[in-house]
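Trainee: Using the sequences and the accompanying hints, generate a full structural model.
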Amino acid sequence: MNDKRKQLIVSAIQNGTVIDHIPAKSVFQVVRILGLDNTEKQVYFGVNLESKKYGTKGIIKISDHWFASEEINKIALVAPSATLIEIRDYEVTSKSSVQIPEHIEGIVKCFNPNCITNKEDVSTRFTVIRDEHDELKLACHYCEKNTSRDNLMFI
Amino acid sequence: MKNKSLVSISDYSREEILRILELAAEFEQQPRQDLLKGKVVASLFFEPSTRTRLSFESAIQQLGGSVIGFASADTSSVRKGESLKDTILTVSNYSDLIVMRHPVDGSARYASEVSPVPIVNAGDGANQHPTQCLLDLYSIKKTQGRLEGLDVAFVGDLKYGRTVHSLVIALTQFNARFHLVSPPELKLPSAVKRYIKEAKLEYYQYTDLNEVIPNCDILYMTRIQRERFPDPLDYEKVKNSYNLNNQMLANSRPNLKVLHPLPRVNEINVDVDSNPKAYYFEQALNGVYVRQAIVASILGLK
Ligand SMILES: [Zn+2]
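Going down the list, the sequences are from chains Z and F.
Numbering-wise (the numbering used here), the first sequence opens with residue 1 and increments by one.
Numbering-wise (the numbering used here), the second sequence opens with residue 1 and increments by one.
Any given hint might turn out to be false.
Claimed, not checked - The calculated label-pair distances, taken between Cβ atoms and stated as ranges, are:
1) F:205 to Z:135: 18 to 28 Å
2) F:14 to Z:63: 39 to 49 Å
3) Z:105 to F:50: 36 to 46 Å
The hints are simulated quantities; they were obtained by calculation from the structure and are not laboratory data.
For each residue, glycine too, the CB sits at the ideal point set by N, CA and C.
Mentor: Pasting the structure below:
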């Protein structure tokens with residue numbers, strides 16, 4: 001694909017945000033985490049698109065919306081490779097990648113059913129760690145158990 | 001350590017651990033003092049644990065402090081559905097420090113965040129039991145003369161045994177070599193092994209208890225609990241895997257001591273009890289001195 005056509009696809013919205021390089025299987029999770037299933041804004045998404053780097057990928061475009069970094073970084077857990085492109089008047093005004101936050105508060109449930117956060121009205125707090133296989137895990141501030149990506153449940 | 005809650009053993013640095021052990025040795029010399037006169041300690045046992053509760057209450061009363069609280073959730077307002085936060089806030093009005101045991105993981109950390117007075121965790125679910133850990137460390141130091149560089153074997157349920165997790169984590173501060181003996185289903189969780197790896201210490205895993213006995217300074221036995229197994233057949237398979245008897249200690253090191261957090265079921269045969277290498281009953285007594293040290297230091301009296 002040449003640069004012109006690439007530019008065209010990305011710029012298909014006049015103003016807003018494009019989230020690119022989402023793992024194809026994570027697109028719907030990203031939609032949910034960012035609350036895009038409940039928005040009044042125009043949202044386009046594609047799955048199983050070709051990607052040189054990843055084989056297949058997903059993409060989401062949201063018109064007239066720009067994200068604060070702590071909001072967008074929530075998706076790093078399911079789409080650590082995602083890139084964020086901001087569009088103003090059909091022009092790309094900034095490009096960045098999502099950052100995996102060090103701490104996560106209140107987005108994800110602790111997988112341990114006997115954790116205080118699942119028993120009383122206590123909001124969750126995690127530290128993001130990497131295990132010996134370089135997998136991302138969430139260490140619960142309260143019960144000290146690690147929630148892995150397979151067990152992720154969003155609040 | 002003044003006014004600082006003790007929730008997890010990792011809340012204490014190496015120096016803080018050593019300070020508590022020094023204080024405990026002082027209390028062992030002189031366990032009855034008037035140090036806590038006029039102080040009120042709340043002892044909240046949301047689940048019963050007679051052993052731990054009596055050890056704490058004896059520790060406090062020998063120092064002249066008074067104890068208020070409850071021995072199980074049945075008789076308290078908790079049964080009426082009061083939240084943990086409300087119970088803690090109410091009790092903190094009447095006490096200088098709260099000792100709590102609770103069946104939910106992470107309850108003690110949460111309590112320490114809402115409580116205006118310091119919390120001492122006497123066990124939160126399957127998570128932490130730091131005062132048990134400190135009394136284990138005290139017993140190891142007392143019997144071996146040092147904490148540094150020991151060969152420590154852990155035997156039995158290494159997956160769910162919270163005393164094992166805390167003690168392994170604490171011993172990574174003292175360059176231990178770890179010998180981990182368990183059935184494959186009950187191996188030490190990777191979240192705990194991570195501490196050993198990060199400290200760049202050696203660890204070895206075994207399934208046969210006999211293999212490890214000649215090579216360790218401390219043999220830390222644990223109980224394999226039936227309720228840990230969803231399938232009763234799995235429990236039947238492993239329940240008798242690790243029964244220590246006196247004969248098996250024949251080739252052990254002369255300085256070896258056998259520890260156990262008690263109560264035991266059949267992991268240690270009664271014929272071991274009279275062997276001078278058996279230390280589990282003295283270990284329990286050390287709990288009183290260590291708990292005196294913890295309470296006195298948090299209240300800023302030592
Ligand atoms: Zn938790």
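Trainee: Each hint needs a verdict: does it hold in this structure or not?
Mentor: Verification of the hints:
1. Between residue 205 (chain F) and residue 135 (chain Z) the beta carbons are some 21 Å apart, a value that agrees with the proposed interval 18 to 28 Å.
2. At about 56 Å, the CB distance of residue 14 (chain F) to residue 63 (chain Z) disagrees with the hint of 39 to 49 Å.
3. Hint check: residue 105 (chain Z) to residue 50 (chain F), Cβ distance near 38 Å, so the stated range 36 to 46 Å holds.
The structure shown violates just one earlier hint, number 2.
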